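**Student:** Listed below are the residues making up each chain.
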Amino acid sequence: MTMTPRKVYLDNSATTKVDSKVLEAMLPYFSEEYGNPNSLHAWGREARKGVDHARAQVAQLIGADPKEIIFTGGGSEADNLAIKGAAWALKDKGKHIITSAIEHHALLDTVKWLGKNGYEYTILPVDETGLVDPKELEAAIRPDTILASIMFANNEIGTIQPVAELGEVCRRHGVLFHTDGVQATGHVKIDMKELPIDMMTMAAHKMYGPKGVGALYVRKGIKLIPVIHGGGQEFGVRSGTENTPGLIGFGMAAELAANRLVNGEIDNEIRLRDKLIDGLIERIPEITLTGHRTKRLPYHASICVKYVEGEGMLLLMDAAGIGVSSGSACTSGSLEPSYVLLALGLDHSTAHGSVRMTLSKDTNDEDIDYVLEKFPPIVEKLRSMSPFYKKNQ
Amino acid sequence: MYSEKVVDYFMNPRNAGKLEDANAIGEVGNPKCGDVMKIYLKINDNEIIEDIKFETFGCAAAIATSSMITEMVKGKTISEALKINNKDVAEALGGLPPAKLHCSLLAQEGIEAAVADYFIRKTGKAPEGFKSPHSTCSACGGSCGGGAAPVHEEEEEKFVSEDHRVAE
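The listed protein sequences correspond, in order, to chains A and P. Under our numbering, the first sequence has 184 at position 140, and the numbering climbs by one with no breaks. Under our numbering, the second sequence has 132 at position 108, and the numbering climbs by one with no breaks.
Since the hints were derived computationally from the structure, they do not count as laboratory data. Every value quoted in this text rests on a predicted model; they were computed, and no experiment measured them. All residues carry an ideal CB built from backbone N, CA and C; glycine is no exception. It cannot be assumed that every hint is accurate.
Chain P is nowhere near these chain A residues, computed Cβ spacing over 12 Å in every case [as the list claims (entries may be wrong)]:
hint, residue
1, Ala-58
2, Ser-64
3, Glu-68
4, Asn-80
5, Ser-83
6, Gly-107
7, Asp-136
8, Asp-171
9, Asp-177
10, Pro-240
11, Gly-275
12, Asp-322
13, Arg-337
14, Val-352
15, Ser-370
16, Ser-393
One-sided and incomplete, this derived list gives chain A residues near chain P with beta-carbon spacing under 8 Å [said to hold, decoys possible]:
hint, residue
17, Ser-372
18, Pro-381
19, Met-429
20, Phe-432
With a straight-line cut-off of 27 Å between C-alpha atoms, the simulated BS3-like cross-links for lysine-lysine are [as the list claims (entries may be wrong)]:
hint, chain 1, residue 1, chain 2, residue 2
21, P, Lys-29, A, Lys-425
22, P, Lys-107, P, Lys-146
23, A, Lys-319, A, Lys-339
24, P, Lys-29, A, Lys-418
25, A, Lys-434, P, Lys-107
26, P, Lys-42, A, Lys-350
27, P, Lys-42, P, Lys-66
28, A, Lys-425, P, Lys-98
29, A, Lys-61, A, Lys-319
30, A, Lys-160, A, Lys-137
31, A, Lys-255, A, Lys-233
32, P, Lys-146, P, Lys-66
33, P, Lys-66, P, Lys-149
34, A, Lys-156, A, Lys-135
35, P, Lys-100, P, Lys-42
36, A, Lys-418, A, Lys-51
37, P, Lys-42, A, Lys-51
38, P, Lys-66, A, Lys-425
39, A, Lys-418, P, Lys-42
40, A, Lys-137, A, Lys-93
Please take these sequences and the hints and turn them into a complete structure.
**Tutor:** Take a look at the structure:
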């Protein structure tokens, strides 16, 4: 009997596997309930029913009202809609936007583009664990500040921001608060009835739903200028015929995530994450965890390995059947390592040795044991070739 | 993304490690850019490269190019070795992705730097036009230090012109 070699996918921050229940829910909406949700006939009404249900499921996950959920074609589009939409809507009130140094490009590049088009922005620094200080946010607010956007949790380092405090600061000063919740939604308890968040970006494919589907939570009463004009779908804010199967998938993914958040599955993920982090630190000298040790995503482990470059580790892990990612220069196509890692104050050569391992709901103890067995010799192999490794000198 | 040969030379590196009885050592690159190559040579009285080893901090392409060039120059005379350029290395590896071509340049410069060291040890100075035994890579001209990222800017420009976006 031949054994199939183990495959361990630890790149769930990049994207997740679509849950079989999600796929099952989506399938009828391709060729059976294929109507346009905007049509009045039976076909249209069936599709509309599905879209409404999906909206309620996503709203339920974050304690929102269904009318506060604007479906989009993914997280990047939702970020663009939040930032450009609010900036245009509030342009007579002010033209200053605040964000942080470790935001996703969908956010940072949108803000920088606005900066070239009549707006001004302030980019807040983070501490060595990736946290934004609410006091610094408060100090950056000006009379013409209209919007602040600080991500809920970071994709590269897993750090969860103090969004309640940050949102509170904004509320006190009458500034809109948006958060990019792509990495956090479905993995961390979020209740909009309690959190002072005005807008939040979500993406289905980071929580076992399909790619190309996202949503922007927009608190009741907040007006946005649309980025996509047209037929007036999504409460007039995002035109275009609804991606019915995609939205159905997102809805089911949200419902399943809500269950996981209450039935203890997330706690098991945290246990496995800690087993991985502690196991790596125990087995490999001179590695450092990036991001915050406890204020971090339940599925997220990220480290920097001294004396070696990330891409080599990534490829050798791949050859061992383990999928990970890296923020090194060589994986980005430029000579600069990840701006997120540099924002933590890490030096360039340390940042080049970054590896990110992000677990899924299906990751088990055997997977982690396998990674802990395979990874240390890979590091040792590359270090044995490194001119900087002390043992070689 | 990588050719089979690049993967092979990365996974099974030839001549990796330190050469204890080296009489010429060159180090090129900059840890800030994520590529540093150290070449150890043992050159005999007939100016033949008898033995060679490398230590490289860098991506798979950097390790593969180091590995390949050590194989290509071993047993050659110094002047033969210096004729091998970055294109030869990239070709021998079955090609490199455009973003990784600077790695092959680093390999070529690593040999030059080590040969320069050989002459410095022997005669007190390097022949005219030689790389210093310790130098940054010419791909970025050493300008990648200090957080400035000229290459990244260039790429951004290219990105704009090659897709459907208008220049902003």
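**Student:** Could you run down the list of hints and mark each one as holding or not?
**Tutor:** How the hints compare with the structure:
no. : hint                    : result
1   : Ala-58                  : holds (16 Å)
2   : Ser-64                  : holds (31 Å)
3   : Glu-68                  : holds (35 Å)
4   : Asn-80                  : holds (28 Å)
5   : Ser-83                  : holds (32 Å)
6   : Gly-107                 : holds (38 Å)
7   : Asp-136                 : holds (24 Å)
8   : Asp-171                 : holds (19 Å)
9   : Asp-177                 : holds (22 Å)
10  : Pro-240                 : holds (34 Å)
11  : Gly-275                 : holds (24 Å)
12  : Asp-322                 : holds (27 Å)
13  : Arg-337                 : holds (27 Å)
14  : Val-352                 : violated (7 Å)
15  : Ser-370                 : violated (10 Å)
16  : Ser-393                 : violated (4 Å)
17  : Ser-372                 : holds (6 Å)
18  : Pro-381                 : holds (7 Å)
19  : Met-429                 : holds (5 Å)
20  : Phe-432                 : holds (6 Å)
21  : Lys-29(P) / Lys-425(A)  : holds (19 Å)
22  : Lys-107(P) / Lys-146(P) : holds (21 Å)
23  : Lys-319(A) / Lys-339(A) : holds (16 Å)
24  : Lys-29(P) / Lys-418(A)  : holds (24 Å)
25  : Lys-434(A) / Lys-107(P) : violated (33 Å)
26  : Lys-42(P) / Lys-350(A)  : holds (19 Å)
27  : Lys-42(P) / Lys-66(P)   : holds (11 Å)
28  : Lys-425(A) / Lys-98(P)  : holds (23 Å)
29  : Lys-61(A) / Lys-319(A)  : holds (23 Å)
30  : Lys-160(A) / Lys-137(A) : holds (19 Å)
31  : Lys-255(A) / Lys-233(A) : holds (22 Å)
32  : Lys-146(P) / Lys-66(P)  : holds (13 Å)
33  : Lys-66(P) / Lys-149(P)  : holds (18 Å)
34  : Lys-156(A) / Lys-135(A) : holds (16 Å)
35  : Lys-100(P) / Lys-42(P)  : holds (20 Å)
36  : Lys-418(A) / Lys-51(A)  : holds (12 Å)
37  : Lys-42(P) / Lys-51(A)   : violated (34 Å)
38  : Lys-66(P) / Lys-425(A)  : holds (24 Å)
39  : Lys-418(A) / Lys-42(P)  : holds (25 Å)
40  : Lys-137(A) / Lys-93(A)  : violated (39 Å)
Violated hints for the displayed structure, listed by number in ascending order: 14, 15, 16, 25, 37 and 40.
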